[in-house]
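J.: If you want the building blocks of each chain, they are given just below.
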Amino acid sequence: MQPTDEERFTDFVRAHSASLFRTGYLMTGDYQRGEDLLQATLVRLYQRWHRIEAMENPLGYARKVLVNQATSWWQRRSSHEVPVLLFDEPSWGGGVDEATEHARVWQAILTLPPRQRAVLVLKYYEDLTEADIADTLGMAVGTVKSHSHAALHRLGELLEEPAVTSTEQIKGVTP
Amino acid sequence: MTVDQRLARVLHDVADTTTSPTVDVADVRNGARARRRRTVASIAALGLAVTMVAGAVVASNIYHQDGGTYPSPMSPNPSVSWVPPTPSDWSQLQGRSTSSVPAHTWKDPLDITVEGIDLTKLEYTPNYNGPGGARWELGLGVWPHPASHRRTVISFGVVVDSTHDGTADYVLGIDNDASHSTGAGSYRVWVTDLAANKTDMQDGPPYGVPFDFSHDGGKGNEPASMNLTFLLAAPFVTNNANWYAWSSLSKNGEVIAWDTAPDTGWIYSS
Chain A
44 MQPTDEERFT DFVRAHSASL FRTGYLMTGD YQRGEDLLQA TLVRLYQRWH RIEAMENPLG
104 YARKVLVNQA TSWWQRRSSH EVPVLLFDEP SWGGGVDEAT EHARVWQAIL TLPPRQRAVL
164 VLKYYEDLTE ADIADTLGMA VGTVKSHSHA ALHRLGELLE EPAVTSTEQI KGVTP
Chain B
26 MTVDQRLARV LHDVADTTTS PTVDVADVRN GARARRRRTV ASIAALGLAV TMVAGAVVAS
86 NIYHQDGGTY PSPMSPNPSV SWVPPTPSDW SQLQGRSTSS VPAHTWKDPL DITVEGIDLT
146 KLEYTPNYNG PGGARWELGL GVWPHPASHR RTVISFGVVV DSTHDGTADY VLGIDNDASH
206 STGAGSYRVW VTDLAANKTD MQDGPPYGVP FDFSHDGGKG NEPASMNLTF LLAAPFVTNN
266 ANWYAWSSLS KNGEVIAWDT APDTGWIYSS
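Respectively, the protein sequence lines represent chains A and B.
Numbers given in the working numbering equal positions in the first sequence, counted from 1, plus 43.
Numbers given in the working numbering equal positions in the second sequence, counted from 1, plus 25.
Hints were generated in silico from the structure; no laboratory data involved.
Wrong hints could be hidden among the right ones.
Said to hold, decoys possible - Here are some of the chain A residues that sit facing chain B, going by a computed Cβ distance under 7 Å:
{"no.": "1", "residue": "64"}
{"no.": "2", "residue": "85"}
{"no.": "3", "residue": "184"}
What the hints assert, rightly or not - Pairwise CB distance ranges (calculated):
{"no.": "4", "chain 1": "B", "residue 1": "290", "chain 2": "A", "residue 2": "100", "range": "39 to 47 Å"}
{"no.": "5", "chain 1": "A", "residue 1": "45", "chain 2": "B", "residue 2": "221", "range": "27 to 35 Å"}
{"no.": "6", "chain 1": "B", "residue 1": "46", "chain 2": "A", "residue 2": "183", "range": "33 to 41 Å"}
{"no.": "7", "chain 1": "A", "residue 1": "49", "chain 2": "B", "residue 2": "190", "range": "41 to 49 Å"}
Idealized CB from N, CA, C, for every residue including glycine.
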């Protein structure tokens with residue numbers, strides 16, 4: 044890599060590594076795994092940086108690499124593993140009730156199948172359009188919608204507590 | 026608060042309350058170099074084994090026909106017998122890749138109805154990672170469904186005739202039948218020297234030995250396709266080696282479908 048390329052790569056890392064890490068963390072629920080995903084993603088970007096920086100959206104490509112790495116990790120995990128046991132507990136702000144409620148929702152999200160969780164993270168954290176989510180995950184827009192619908196339905200079942208958000212309300216969301 | 030707002034808030038709160046690690050670009054650089062070194066080391070080890078071979082012939086006492094319609098499961102386990110087909114005619118590679126890396130391509134028709142093993146595109150890049158290196162990419166008509174992936178053993182590979190005598194010398198393979206201890210979805214990669222009856226195998230991660238590979242998991246830029254990349258270098262692979270690609274799907278230890286590309290004949294790549 045030429046020095047100028049290295050400088051631009053360094054700039055990219057400084058600008059986007061935190062965002063990429065957070066996406067990886069939200070997808071895995073595991074800090075160490077999120078860090079490993081970020082490192083592996085950056086290594087792959089570094090090796091092909093000359094071509095990647097010429098792309099229209101290097102960050103989008105980086106996110107795609109990260110998501111695919113995360114999915115590979117999920118594929119390698121034993122089906123007997125219980126995801127919730129691996130996840131770190133984030134610290135919460137706000138009042139006790141809000142913190143408790145957030146923890147419940149977060150734990151519920153972590154129990155979702157990987158694709159459904161990925162769709163939610165890309166939709167509600169990355170704020171991507173369904174078309175962009177489909178491109179990132181390599182699936183059809185209709186599949187994104189069905190994953191989103193299934194995820195919300197499942198969350199509704201897991202968080203059955205009408206005072207916060209009714210099951211009916213969640214089930215009624217159009218994907 | 027709507028469901029959308031609630032989910033967005035929770036996810037942002039989780040992310041915002043999680044301190045991001047500090048990234049040292051030097052670590053990234055070293056990681057990239059280490060990754061390359063692992064590949065080169067595996068290539069060197071493989072090359073050393075290959076140079077010990079004099080006169081490549083198929084070890085018929087190990088690899089024999091089982092008399093069935095299909096060959097036995099293609100596997101790194103020598104106790105599971107399989108005679109790699111030995112085509113008698115040659116095919117020139119067709120066309121060149123439009124990518125920035127010069128590569129030769131071969132298109133194979135959709136001819137296997139079983140998803141996940143229909144080889145439809147081969148791409149060969151000579152001098153990959155340096156003089157004498159080579160990279161193969163095997164494109165599939167359809168990526169195996171995850172459910173199928175769990176129930177069956179899907180294998181891919183390349184058969185190489187490095188001595189140009191029309192006889193297979195080496196079989197490179199990868200399958201999803203790694204030991205359970207490495208976790209579901211792990212891979213097993215191997216290279217069998219048919220003459221020496223020697224198999225160099227890596228069962229599950231860490232990968233890189235005996236050769237490196239990558240795939241997009243069916244979620245890359247080309248939906249319904251899969252690329253598998255082998256990285257090798259001299260002296261194992263020469264720019265004039267003859268080769269063809271193979272794939273197979275096994276269930277309960279029995280091959281139930283397979284494909285080769287080209288359907289008959291070796292590919293002569295230069």
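J.: Take the hints in turn and mark each one as holding or not.
T.: Against the structure, the hints:
Hint status for residue 64 of chain A relative to chain B: holds, with the closest Cβ pair at about 5 Å, below 7 Å. With 7 Å as the threshold, the beta carbon of residue 85 of chain A comes within range of chain B, its nearest partner Cβ sitting at about 5 Å, so the hint holds. With a least beta-carbon distance of about 12 Å to chain B, the hint placing residue 184 of chain A at the interface is violated under the 7 Å criterion. Between residue 290 of chain B and residue 100 of chain A the Cβ separation comes to about 42 Å, which falls inside the hinted range of 39 to 47 Å.
In this structure, residue 45 of chain A and residue 221 of chain B break the distance hint of 27 to 35 Å, their C-beta atoms being roughly 43 Å apart. The beta-carbon spacing between residue 46 of chain B and residue 183 of chain A, approximately 34 Å, falls within the hinted interval of 33 to 41 Å. Separated by about 47 Å at the C-beta atoms, residue 49 of chain A and residue 190 of chain B satisfy the suggested range of 41 to 49 Å.
Checked against the numbered hints given earlier, this structure breaks hints 3, 5; the rest are met.
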